[in-house]
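Be aware that the sequence shown starts at 0, since it is given in numbering that gives the first Met the number 0, and climbs by one per residue.
Don't take each hint at face value.
To be verified - Derived CB-CB ranges, DEER-like:
(1) Thr64 - Arg17: 17 to 27 angstroms
(2) Arg96 - Leu23: 19 to 29 angstroms
(3) Ile67 - Ser26: 14 to 24 angstroms
(4) Asp52 - Phe77: 32 to 42 angstroms
(5) Gly22 - Phe88: 15 to 25 angstroms
(6) Lys55 - Arg17: 35 to 45 angstroms
(7) Gln4 - Gln41: 46 to 56 angstroms
(8) Pro75 - Ala10: 19 to 29 angstroms
(9) Arg93 - Val56: 51 to 61 angstroms
(10) Ser66 - Tyr37: 44 to 54 angstroms
(11) Phe88 - Ile8: 42 to 52 angstroms
(12) Tyr50 - Ile8: 44 to 54 angstroms
(13) Glu2 - Gly22: 28 to 38 angstroms
Derived from the structure by calculation, the hints contain no laboratory data.
Using N, Cα and C, we set each Cβ at its ideal position, and we do this for glycine too.
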Amino acid sequence: MMELQPAHIVALRNSHFRALVYGLATSISYFAFSACMYYGGQLVEQEGIPYADVFKVSQALIFGTSSIANALAFAPNFRKGLVAASKIFQLLDRKPRITDPKGFPDDKW
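Turn these sequences into a full structure, and let the hints steer you where they fit.
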């Protein structure tokens, strides 16, 4: 059990760091939404912009950035998918080593 203690300490340290990064990553959309609402509130108060317009713009910004982030998260997997698809097409286009003999009847089963 003592042999596992150094690895356990490193794993605990890494888990705290990963939890912090995960917490920041999941809360960033809330921070962005609150910043949009704060700035929108300032615009409503000082410039007289209707609140509905502020809400529409903030929702469009948040939804657009989250969609882009989700798309970019899958970019490495997309490349792997293209490589896998090309390998499948190469496999389907190859000539088989075993061929049907000449004159074999082509009867229906």
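Problem - Violating hint indices (sorted, rising) - result: When the structure is compared with the hints, numbers 2, 5 and 10 turn out to be violated.
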